[in-house]
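Hints are included, so try docking the two chains, each in its own frame, into the full complex.
Below are the chains, spelled out letter by letter.
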Amino acid sequence: MIEISGVTKRYEMGAASVDALRGVDLVIAKGEAVAITGPSGSGKSTLMHIIGCLDSPTAGRYVLDGEDVAGLSARALADVRNRKIGFVFQAFHLLPRSSVLRNVELPLVYAGMPRAARKAKAESLLARVGLSDRAQHKPSELSGGQRQRVAIARALVNDPSIVLADEPTGNLDSVSASEILALLDQIHAAGNTVITVTHDPTVASRAQRTIRMLDGRVVV
Amino acid sequence: MALRLAIGDGIEELRANRLRTALQFSGVALGVASVITALALMAGERAHDLDTLEKRGGARRLDVRPKNAGWTALGEDTKAPFTLEDLAAIRRDLSDRIEAINAAEVIFDRVETERHSRDRNVSGVLPEYPVFNDFYAEEGRFLTWADMDQASRVCVLGWTCKSELFGAGDAIGRSVRIKGEPYQVVGVMQRKELHWNKFDNSNALEWMNRLTLVPLSTVHKRVTGKSEIATFQVMAKQADDVPKLQEALRVLLWRRHHRKEDFMFVARQRQFEKNQQAKMAYNLVFFGVGAISLIVGGMVIMNILLASLSSRIREIGVKKAIGAKPLDLFVQFLVEAVGVAFAGSVAGCLVGGSLSSIVADFANLHSALPFWVVFTSVFSAVFVGLAFGIYPAIKAARVTPVEALRYE
Numbered sequence: 578m579i580e581i582s583g584v585t586k587r588y589e590m591g592a593a594s595v596d597a598l599r600g601v602d603l604v605i606a607k608g609e610a611v612a613i614t615g616p617s618g619s620g621k622s623t624l625m626h627i628i629g630c631l632d633s634p635t636a637g638r639y640v641l642d643g644e645d646v647a648g649l650s651a652r653a654l655a656d657v658r659n660r661k662i663g664f665v666f667q668a669f670h671l672l673p674r675s676s677v678l679r680n681v682e683l684p685l686v687y688a689g690m691p692r693a694a695r696k697a698k699a700e701s702l703l704a705r706v707g708l709s710d711r712a713q714h715k716p717s718e719l720s721g722g723q724r725q726r727v728a729i730a731r732a733l734v735n736d737p738s739i740v741l742a743d744e745p746t747g748n749l750d751s752v753s754a755s756e757i758l759a760l761l762d763q764i765h766a767a768g769n770t771v772i773t774v775t776h777d778p779t780v781a782s783r784a785q786r787t788i789r790m791l792d793g794r795v796v797v
Numbered sequence: 004m005a006l007r008l009a010i011g012d013g014i015e016e017l018r019a020n021r022l023r024t025a026l027q028f029s030g031v032a033l034g035v036a037s038v039i040t041a042l043a044l045m046a047g048e049r050a051h052d053l054d055t056l057e058k059r060g061g062a063r064r065l066d067v068r069p070k071n072a073g074w075t076a077l078g079e080d081t082k083a084p085f086t087l088e089d090l091a092a093i094r095r096d097l098s099d100r101i102e103a104i105n106a107a108e109v110i111f112d113r114v115e116t117e118r119h120s121r122d123r124n125v126s127g128v129l130p131e132y133p134v135f136n137d138f139y140a141e142e143g144r145f146l147t148w149a150d151m152d153q154a155s156r157v158c159v160l161g162w163t164c165k166s167e168l169f170g171a172g173d174a175i176g177r178s179v180r181i182k183g184e185p186y187q188v189v190g191v192m193q194r195k196e197l198h199w200n201k202f203d204n205s206n207a208l209e210w211m212n213r214l215t216l217v218p219l220s221t222v223h224k225r226v227t228g229k230s231e232i233a234t235f236q237v238m239a240k241q242a243d244d245v246p247k248l249q250e251a252l253r254v255l256l257w258r259r260h261h262r263k264e265d266f267m268f269v270a271r272q273r274q275f276e277k278n279q280q281a282k283m284a285y286n287l288v289f290f291g292v293g294a295i296s297l298i299v300g301g302m303v304i305m306n307i308l309l310a311s312l313s314s315r316i317r318e319i320g321v322k323k324a325i326g327a328k329p330l331d332l333f334v335q336f337l338v339e340a341v342g343v344a345f346a347g348s349v350a351g352c353l354v355g356g357s358l359s360s361i362v363a364d365f366a367n368l369h370s371a372l373p374f375w376v377v378f379t380s381v382f383s384a385v386f387v388g389l390a391f392g393i394y395p396a397i398k399a400a401r402v403t404p405v406e407a408l409r410y411e
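For the record, the sequence lines run as chains H and P. If you count by this note's numbering, then the first sequence holds residues 578 to 797, one letter each, in order. If you count by this note's numbering, then the second sequence holds residues 4 to 411, one letter each, in order.
Just chain P, with the same shape it has in the complex (with noise of 0.2 Å):
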């Protein structure tokens, strides 16, 4: 077979009918340019989403709850099941295993100074609460083990509690009283920002700025009265101990909880992957309509080479009457499909992949284009060309050399 006559063939034929391979070039590159901005948004925010679980130590995290949570039956008992003394055994036990431990208490509450007074969130946690959120004191100091101790009334504040009550000055040192007892400010928090994007000028973390924190045991002795923690949260040091970290742990709470199982455990890992399964359903939503957009340039393909086959037909006969095999036109018309495919889908993966980044720069999303999206684009447009060129070219390929002579 004249495999290389029939390549140049086709390609010449797409040089010489500008036009016509300007359309079905276009059709292929639009295509591929809407499914690589939604593969390339896809890819992006899963690394995102990885990369912010991977900072606030999200893989490492295993959250304990007591066991059926809101579901509490009628005359069950309903206390909550941790104390302060099993969070201290976890932390002697397991404490090379473990990078951090937090739980919280929060109340509601005034908090106020001789000049100005807010309602504030106020929640007691322990010395490693920063670790989990990313959330640390920039002036003065965090609370510490010294203060859970001693109950200390001292509280560290958000940066928008220490504005309202102190605007500009120190507030190191000072005090603020909540329930009317005095508390020592011995911490400022960072500020904590984030927008959703460009056009927002809400904080969503502004409800971070305005929390005030005191040491647990504090809460527990001067305000509540109370002992238990209704929650708990482990950071492990490693990742991939986290499974046989959640196993010793439902050990030593089953031996303190006096053999009974009333506690179980969330690990973040899972929640992430539930998430990513929750976003999926967009994710191929905007796939698919890439994907329409991409067999309709493939339709664009198949339309003109069926229309250009008629105007090609004396041609394709004189070319069999001289011996060319129905092969040989079979293959012309599918490298012209083709070629096209593959020149539109190049020129449609530097379209979206601007296209992605200015989306995710509008949309305050992100994208990444990783070598498989911009394989798969490329493949898949490829693919289009050939599906859609076959049955042009087996038409080409089954003309008789007669009617094709006989056509005027």
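Only chain H is shown next, with the shape it has when bound in the complex (with noise of 0.2 Å):
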């Protein structure tokens, strides 16, 4: 459950600031699949950082499952993202020297998880992704849908509220974009909460809601 109201983000750049933000209200219900979209520079990079608290707001309330959160520290903000959150980026962002397997069970060691436990939670992640036989390859000997399946397990590897997926489907062809897609899809059907950040309307028209941004504002 999020909710958010009267959300504004300001960047000081110098002399000059940009309201990346003006005035943002928005509730996403738990297990609802949204997509936000809009131009670039809409605002919809700034509001998923806010959302996915990577960010905090400038000003307003932003409420995740009860706990307020837009006024926590850094470490507090790390520890919100472990324990709630699920990133898939567009450019996947694994890390280079670590197998597939340590890479979905990283957010599993910052959460402070006993090895073995761990081991067996990502590697159900990864048969649920269809990558079990990838395990212990590196990142770089995958391809770009394989990746992005990766990514897609460490995700969800410690059971979020929210995945949050920013242009999941940026960089790939697309038959591996399909699948991504139908992954996504499944993800909710399992009753998770998928937002996808896209200005691909095809992406956006599998959401339930669609929510588009303009200047800083939530327009529809």
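Derived from the structure by calculation, the hints contain no laboratory data. Built from N, CA and C at the ideal position, the CB exists for glycine as well. Accuracy of the hints is not assured; some may be wrong.
What the hints assert, rightly or not - Here are the computed distance ranges between Cβ atoms for each label pair:
1) P/289 to H/691: 52 to 58 Å
2) H/652 to P/378: 34 to 40 Å
3) H/714 to P/291: 50 to 56 Å
4) P/394 to H/776: 36 to 42 Å
5) H/607 to P/382: 51 to 57 Å
6) H/652 to P/364: 52 to 58 Å
What follows is the structure, encoded as structure tokens:
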């Protein structure tokens, strides 16, 4: 459950300042599939960063699962991200020197889970995205679609309340892209909240609800 | 906190970037090598000086001099204050605490045989003279108290003196003339040799080989006609007895000198400490040079960590996005700095250890590697790693996930 009210974000750039968000009110219920769209510069990435607790709003309230997270410290936000949010990025962002299995289990390491339990958990997630046989490979040995499936496994490994996907198909060919979108649909069908940031109408059309951003405000 | 992960990541990062790590490693290794070379030479020289002091009975030695020697004001009594009777009284009253006593009167004169003639330093000394200089008769015998009592015309020749006057032949029992008077040779001293370094042919102790030693009483009675002694030296049996012995001597001499304290004491132990203080200035310079190279090593670490920060910022962002806390990144960077500093210091110890013994060999210095030297060097290197790693570590910890993920 996401409740955002009156959220603004201002970036100071020397003397000038940029208002990326100019007062956003938004409620996303648990289990919803939402797409956030809008042209570049509309503030959709900034909104995603705030929803994902990667950044704090300049003003306004953000309550995530009943917890006010707007004014938390960097350390506390890291903990919220670790427990409640799974990220899927356009550029995959896997750690290149670690194995696929290691990449998937990393959030559990930061969560402090014992070694045997986190290995079992990571392996079950890899099985779910169909990459059990690649557990010991390095990310560079996988195709783009496979890498994104690893990233999805990593996003799901600590049972987050939100999966945030930022242009998840932006770097993929159409075949891989439809595989990934099908996987995200499956994740939603299993009861997860899935928020996808995209400017691709076909990706946005798969969501139950589309939130359109323009000039730092929600327009629909 | 995922401490083990942060440590593992730090080590992994060092292994993955061989060239970067090698540069940091070499910087610290060279710094530690300089520090350890300086410290090892300092420690070795001090140990050697102490050893020399010990060999010469230095810690047990007490010199007795007239007060204000060299500062005689006009009209003041300039007569040397001691006599052979003073020394006899000391030997009689303090024999259980004194190992040896010596006084010397140097005259410069011609020493001749029928064939050869040399201008030589002739010294009147006491029979216990050898103890003070670790300088003994090799052939025949040294002077005795019987020679002293009779003011005998006997002499002991230095090694060079003997060769010049008698060649390879036997000198014992032969006769030489000093001041025109015949003296019987009763002994020849051992040969003394000391070279400051490998490339120096001159013998620093050659002056000892050129000595001619005669009884002090003989010089008094037959040459100078005086009976005063300018200074004398006492060797205590126990080094820790020196202060008390000095007090006993003070009382004894004060009584014999009509309750006048016209003498003073110089303990070799204190002179040694003064010497060491003088050397300390040089030591500090050497150590300073070593310390500076170690700091330069620290700067190499910091520089490389800061430069690598931008190429690793994406990775930092990903880790933060999935739950790494600022402290996790801080520890990872610090582990890299301290880890490479520690590894470099171990290599530096090996290099510095060998370097110090090579330098010592060439420059005729002495080196030693006591535990404290190794410990100090490794400890300072780890400290330098910490000190220069903290700033990059703080920067890594403070990177916000948004700027890190946006970075292209």
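Status of each hint after checking the structure:
Between residue 289 of chain P and residue 691 of chain H, the C-beta spacing of about 53 Å keeps the proposed range 52 to 58 Å intact. Taken as a hint, the range 34 to 40 Å holds for the pair residue 652 of chain H and residue 378 of chain P, whose Cβ atoms sit roughly 36 Å apart. Separated by about 53 Å at the C-beta atoms, residue 714 of chain H and residue 291 of chain P satisfy the suggested range of 50 to 56 Å. For residue 394 of chain P and residue 776 of chain H, the hinted distance range of 36 to 42 Å is satisfied, since their beta carbons lie about 40 Å from each other.
At roughly 56 Å, the beta carbons of residue 607 of chain H and residue 382 of chain P sit within the given window of 51 to 57 Å. The given range of 52 to 58 Å is respected by residue 652 of chain H and residue 364 of chain P, whose C-beta atoms sit roughly 57 Å from each other.
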